[in-house]
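Using the sequences and the accompanying hints, generate a full structural model.
Protein chains: 2
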Amino acid sequence: MKLVLSRKSHNSLSDQIVQQIAGRIQSSMLTGGEKLPSIRQLSVDAGISFLTVHKAYKKLEQAGMVKSIQGKGVYVERPAQKEAAENSFDWQLSIPAYLTRSSFHSRPKTTYSFDYSAMHSGLLPTIYLADQLTEMLKAEPAILGTYGDVQGDALTREAFSTYFQKQLGLSSAADDLIMTTGLHQGIELIAKTLIGPGDVVITEAPTYPGVLDILMNRGAQVIPIAMDEEGMRADLLAQVAKTYHPKAIYMNPTFQNPTGRSMSERRRKEVLYQAQLHGMFIIEDDSWSELYFDEKPPPKSIKAFDDEGRILFLKGFSKALAPGIRVGTIFAEGPFKKLLLSAKASSDLGTPLLTQRAVLPFLTSDRMMQHFAKLRFALELRRDKAISILSASFDSSVSWTVPEGGLNIWVTFPESVSTVELYEYCLRHDLSFLPGHVCYPYEPASHHLRLTYSLLSERDLEQGLHAFVSLANDFINNRLESGC
Amino acid sequence: MKLVLSRKSHNSLSDQIVQQIAGRIQSSMLTGGEKLPSIRQLSVDAGISFLTVHKAYKKLEQAGMVKSIQGKGVYVERPAQKEAAENSFDWQLSIPAYLTRSSFHSRPKTTYSFDYSAMHSGLLPTIYLADQLTEMLKAEPAILGTYGDVQGDALTREAFSTYFQKQLGLSSAADDLIMTTGLHQGIELIAKTLIGPGDVVITEAPTYPGVLDILMNRGAQVIPIAMDEEGMRADLLAQVAKTYHPKAIYMNPTFQNPTGRSMSERRRKEVLYQAQLHGMFIIEDDSWSELYFDEKPPPKSIKAFDDEGRILFLKGFSKALAPGIRVGTIFAEGPFKKLLLSAKASSDLGTPLLTQRAVLPFLTSDRMMQHFAKLRFALELRRDKAISILSASFDSSVSWTVPEGGLNIWVTFPESVSTVELYEYCLRHDLSFLPGHVCYPYEPASHHLRLTYSLLSERDLEQGLHAFVSLANDFINNRLESGC
Numbered sequence: 001m002k003l004v005l006s007r008k009s010h011n012s013l014s015d016q017i018v019q020q021i022a023g024r025i026q027s028s029m030l031t032g033g034e035k036l037p038s039i040r041q042l043s044v045d046a047g048i049s050f051l052t053v054h055k056a057y058k059k060l061e062q063a064g065m066v067k068s069i070q071g072k073g074v075y076v077e078r079p080a081q082k083e084a085a086e087n088s089f090d091w092q093l094s095i096p097a098y099l100t101r102s103s104f105h106s107r108p109k110t111t112y113s114f115d116y117s118a119m120h121s122g123l124l125p126t127i128y129l130a131d132q133l134t135e136m137l138k139a140e141p142a143i144l145g146t147y148g149d150v151q152g153d154a155l156t157r158e159a160f161s162t163y164f165q166k167q168l169g170l171s172s173a174a175d176d177l178i179m180t181t182g183l184h185q186g187i188e189l190i191a192k193t194l195i196g197p198g199d200v201v202i203t204e205a206p207t208y209p210g211v212l213d214i215l216m217n218r219g220a221q222v223i224p225i226a227m228d229e230e231g232m233r234a235d236l237l238a239q240v241a242k243t244y245h246p247k248a249i250y251m252n253p254t255f256q257n258p259t260g261r262s263m264s265e266r267r268r269k270e271v272l273y274q275a276q277l278h279g280m281f282i283i284e285d286d287s288w289s290e291l292y293f294d295e296k297p298p299p300k301s302i303k304a305f306d307d308e309g310r311i312l313f314l315k316g317f318s319k320a321l322a323p324g325i326r327v328g329t330i331f332a333e334g335p336f337k338k339l340l341l342s343a344k345a346s347s348d349l350g351t352p353l354l355t356q357r358a359v360l361p362f363l364t365s366d367r368m369m370q371h372f373a374k375l376r377f378a379l380e381l382r383r384d385k386a387i388s389i390l391s392a393s394f395d396s397s398v399s400w401t402v403p404e405g406g407l408n409i410w411v412t413f414p415e416s417v418s419t420v421e422l423y424e425y426c427l428r429h430d431l432s433f434l435p436g437h438v439c440y441p442y443e444p445a446s447h448h449l450r451l452t453y454s455l456l457s458e459r460d461l462e463q464g465l466h467a468f469v470s471l472a473n474d475f476i477n478n479r480l481e482s483g484c
Numbered sequence: 001m002k003l004v005l006s007r008k009s010h011n012s013l014s015d016q017i018v019q020q021i022a023g024r025i026q027s028s029m030l031t032g033g034e035k036l037p038s039i040r041q042l043s044v045d046a047g048i049s050f051l052t053v054h055k056a057y058k059k060l061e062q063a064g065m066v067k068s069i070q071g072k073g074v075y076v077e078r079p080a081q082k083e084a085a086e087n088s089f090d091w092q093l094s095i096p097a098y099l100t101r102s103s104f105h106s107r108p109k110t111t112y113s114f115d116y117s118a119m120h121s122g123l124l125p126t127i128y129l130a131d132q133l134t135e136m137l138k139a140e141p142a143i144l145g146t147y148g149d150v151q152g153d154a155l156t157r158e159a160f161s162t163y164f165q166k167q168l169g170l171s172s173a174a175d176d177l178i179m180t181t182g183l184h185q186g187i188e189l190i191a192k193t194l195i196g197p198g199d200v201v202i203t204e205a206p207t208y209p210g211v212l213d214i215l216m217n218r219g220a221q222v223i224p225i226a227m228d229e230e231g232m233r234a235d236l237l238a239q240v241a242k243t244y245h246p247k248a249i250y251m252n253p254t255f256q257n258p259t260g261r262s263m264s265e266r267r268r269k270e271v272l273y274q275a276q277l278h279g280m281f282i283i284e285d286d287s288w289s290e291l292y293f294d295e296k297p298p299p300k301s302i303k304a305f306d307d308e309g310r311i312l313f314l315k316g317f318s319k320a321l322a323p324g325i326r327v328g329t330i331f332a333e334g335p336f337k338k339l340l341l342s343a344k345a346s347s348d349l350g351t352p353l354l355t356q357r358a359v360l361p362f363l364t365s366d367r368m369m370q371h372f373a374k375l376r377f378a379l380e381l382r383r384d385k386a387i388s389i390l391s392a393s394f395d396s397s398v399s400w401t402v403p404e405g406g407l408n409i410w411v412t413f414p415e416s417v418s419t420v421e422l423y424e425y426c427l428r429h430d431l432s433f434l435p436g437h438v439c440y441p442y443e444p445a446s447h448h449l450r451l452t453y454s455l456l457s458e459r460d461l462e463q464g465l466h467a468f469v470s471l472a473n474d475f476i477n478n479r480l481e482s483g484c
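Heads up: the sequence lines are chains A and B, in that order.
The UniProt record's numbering numbers the first residue of the first sequence as 1 and each following residue consecutively.
The UniProt record's numbering numbers the first residue of the second sequence as 1 and each following residue consecutively.
Everything labelled a hint here was simulated from the structure, so no lab data went into it.
If chains are identical, the list can't say which one is meant, so a pair holds when it fits in one copy or spans any two.
Computed cross-link-like contacts, DSSO-like style, restricted to lysine-lysine with a CA-CA straight-line distance of at most 27 Å:
hint : residue 1 : residue 2
1    : Lys-374   : Lys-300
2    : Lys-269   : Lys-2
3    : Lys-8     : Lys-296
4    : Lys-72    : Lys-242
5    : Lys-247   : Lys-58
6    : Lys-59    : Lys-8
Bear in mind the structure is a predicted one, so any value in this text is a computation, not a measurement.
Quick look at the structure:
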């Protein structure tokens with residue numbers, strides 16, 4: 001056995017022997033029952049004292065890793081582990097981890113990015129926000145030195161509550177709100193509190209990939225339910241609820257991510273009714289109900305019809321306002337709120353006060369509604385542009401949603417077209433979108449994709465869409481020609 | 001059966017009947033086998049049509065909640081659930097939740113607060129930070145409009161990495177760092193990735209209560225190991241590691257929270273050695289190694305001796321710098337880092353860019369080291385003041401640690417004294433501390449408490465400590481007199 005020992009190391013020579021032998025046992029280089037070199041032989045080989053080796057073997061024995069058998073020698077005791085060691089960090093690979101699914105991929109950046117549901121910087125009021133924040137820091141630098149409340153800053157909660165009442169028709173008390181670091185964290189806090197191994201949760205199919213990561217990492221069984229023009233199908237929901245006794249439904253009823261579809265008011269009530277009937281929570285994700293293109297706003301949130309605390313209502317303004325700030329809230333009524341507060345405390349002790357106060361001036365000013373009006377206009381133009389290019393470029397085998405708000409279009413190709421392969425193809429041409437399979441939990445459909453029309457400048461959007469339809473048509477035609 | 005029906009409701013009359021009956025079944029007001037009123041009787045009682053009631057009963061039957069038996073009537077089908085309904089939110093109480101333990105209590109605020117491990121605002125560089133942040137916003141308002149990277153802002157990671165190298169002797173690459181919302185979130189991300197039901201994790205006894213919440217909410221078995229003057233006892237660690245095969249050790253070796261004790265360098269190496277021997281991670285929480293009172297700094301972090309990615313090293317500056325900002329980092333090497341990134345993405349998609357950039361000017365300026373020098377001086381004075389008042393006021397039955405850095409003193413009373421009761425007593429006199437039992441996982445010792453000497457002004461600290469020793473002595477004497 002060749003050991004690499006150093007007299008200059010922090011560790012004693014005998015500890016170095018122990019580590020190296022233990023490492024070999026852990027990495028299966030030495031397996032159970034194998035005989036170690038004798039103490040005398042190892043001390044000669046390594047040029048160290050008999051006593052040093054003796055001490056090391058004694059320690060290995062005390063740790064239960066080897067066994068000394070009188071008159072025979074020293075044998076490896078512990079059954080070998082799975083992974084073979086390649087480098088010094090590889091022991092980590094043999095440790096079981098709990099994240100079964102994640103949407104975290106460091107996706108390559110492209111010139112024509114249709115894959116991130118975010119806003120082009122020209123559409124955001126960053127200079128106004130920066131001015132307001134500067135004023136605030138001048139007047140009250142102490143906010144930097146103050147721990148935020150776990151539930152969230154009282155002033156910011158008041159402002160959200162007022163906004164909810166005025167703009168969304170929701171009668172929320174400031175005390176019913178918990179501030180979060182982005183809306184996404186709100187989903188995570190709810191899941192951490194409510195969902196555990198084997199619990200059943202219903203989602204729309206397709207759904208926001210982030211929620212699938214969260215639910216599946218909690219060990220949940222996710223049942224995706226198909227949508228029609230009005231949103232999640234109520235007949236399927238009733239059936240699933242009766243059979244599987246789900247704990248919750250996650251939904252994004254208004255301008256849904258990824259499809260851009262909105263749920264009808266009738267369907268919203270039916271979903272609430274099923275939740276009441278079967279004792280479920282509804283996790284209602286309202287990311288962008290302000291961003292409607294019709295003259296009149298979308299239907300009221302499901303929360304507006306809830307008087308039993310069935311709905312855990314989530315709101316965030318990161319995307320539409322300031323992605324560098326990331327403030328969201330959970331509106332929760334009833335005793336469950338206290339558990340959510342525990343989950344928040346256990347997660348990060350509370351959202352930073354600075355970011356909460358940074359959105360406050362905006363929330364309480366007219367500027368907010370003017371900003372949304374501007375966004376609605378700009379996004380509608382972009383949607384129209386996108387739809388007109390798709391319509392002019394694809395034959396009837398390709399279809400898409402025409403969203404009445406939000407940031408995304410859901411494109412459906414014939415079942416034989418893999419958007420995962422199309423994605424790889426487009427990446428090589430400096431263009432990206434979200435392959436649709438990540439929006440399904442177990443047996444994903446892979447002939448859809450999500451196009452976000454909000455991230456690029458108007459010029460890049462137009463050029464990028466022309467590039468996209470041309471790449472997609474090339475890809476489909478090449479497949480046909482090669483007989484796939 | 002008295003139903004409250006409204007023709008003005010969003011819901012149809014038959015849905016209202018369904019909800020109210022379903023609610024009674026779920027809340028045990030109606031139990032399995034119970035007979036519902038006949039359709040005719042209910043329609044007469046409630047003054048509504050026969051058909052409406054019929055429709056409601058049909059729906060309840062479809063939902064599997066009641067059963068209609070030909071010629072006999074309609075019976076409650078579902079076995080009753082546990083909790084009785086008191087108001088419309090009480091159905092929530094019957095839903096099993098997953099948070100088994102939490103340190104979130106909205107503790108009452110007192111004049112003499114010794115319970116929060118935080119810094120008096122006069123000790124913080126808030127005005128300097130506010131100025132720097134203002135400059136930055138003026139130069140680059142776009143940071144408000146930019147999504148932070150999931151791993152964290154590259155510039156901020158560079159700055160942390162440089163700080164680690166210069167000040168802590170840690171050779172970290174910026175790519176090995178993951179930015180978090182406070183150090184606490186770092187622990188949570190590690191736990192979410194590594195720890196699941198039944199996994200064994202070792203902590204010091206006593207330990208930081210927040211880590212117990214996190215671990216126990218993940219379903220871990222926490223084994224607390226007693227400390228001596230050098231820190232966690234290595235002999236007990238070896239024994240526990242051999243018997244229970246823990247996945248990780250959480251420790252706060254330098255100026256430990258809550259005891260204020262520091263682990264010797266020899267012990268640090270022994271702990272690392274045990275981790276190597278038994279294939280464990282060490283979660284090393286370095287909240288305040290900068291805040292030492294001796295002339296020379298404390299021993300190097302365990303991470304400094306680690307070349308296998310055994311140590312997940314956590315650093316945060318919220319307490320010592322700006323609690324309103326809350327930025328921390330995990331220094332992790334090896335393949336495990338990628339899993340941590342997934343956990344971060346799944347938790348909140350990344351720490352806000354604003355808060356990361358807000359600490360950046362400080363991290364890269366000399367101001368930082370000047371600030372720490374000032375803090376060391378101020379905290380040492382406070383510690384001395386606290387120790388002198390304790391020494392002058394308690395007899396030998398009460399003892400305490402004399403921390404060589406950090407914010408906390410750990411006070412030990414005779415075993416017969418309950419610091420939970422003492423806490424209640426002090427609260428009535430407008431004074432608070434942290435009762436020690438929250439620092440143990442299962443069978444807490446309840447004769448300790450933690451006093452934080454950093455939160456109050458110098459004047460309040462002195463007055464508060466005099467009040468504390470006087471209250472504690474009164475409490476103990478009253479107990480003796482009443483023969484408890």
